[in-house]
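Under this note's numbering, read the sequence shown as residues 8 to 173, first letter to last.
One thing to keep in mind: the hints can contain errors.
Claimed, not checked - In silico DSS-like pairs for lysine-lysine, Cα to Cα no more than 30 Å straight-line:
(1) K13 with K135
(2) K125 with K13
(3) K135 with K58
(4) K55 with K72
(5) K72 with K125
(6) K58 with K72
(7) K135 with K55
(8) K135 with K125
(9) K58 with K13
These are computed hints drawn from the structure, not numbers from a lab.
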Amino acid sequence: MIRLNKMTDYGTVLLSAMAINYADNPMRLHSSVELAQQAGLTQTTTQKILKELAGSDFVHAERGKSGGYRLLRPSADISLIDIVEVLEGPIALTSCVTTSAYPCSSRHVCFLGGNWEKINSAISHALKDVSLADLCNPENMFPDQEALMNTNQTQSKLTPSVMEVK
């Protein structure tokens, strides 16, 4: 199973909380207490994630009594791959596509490496194509969803039950 870890999921929620206010005030600092409350996370978990995010090129941490965290760029300019790579490291589905110090030991006899690289690349591109803004407003990802569902007769029987779930 391919799954992002909980810290990445929580990190995305924390970034979304900061993104909501970015357009009105890009310089606004968010305290870790405020972000923890908004995200429904413990203070400890929130601080751990924010510390990791502050090491990125899209989150700034300001120390002190009136310090906090803020985005350094608009949410439309922060891709999901940016978030994943900060919190989990580079995308590498198998050891033959990793850049770690411990590459696949079968690389010299295995013919699958190139195919895994194609799959790894496709996933990386898909994550790069989704921004934090898209996640905050899913209609941006699929703006013509209704038209697509109306023209696709094979999905029409599934659409009502999917669309009713909120």
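- [ ] Against the structure, test the hints numbered earlier, and report the numbers of the ones violated in rising order.
- [x] 5
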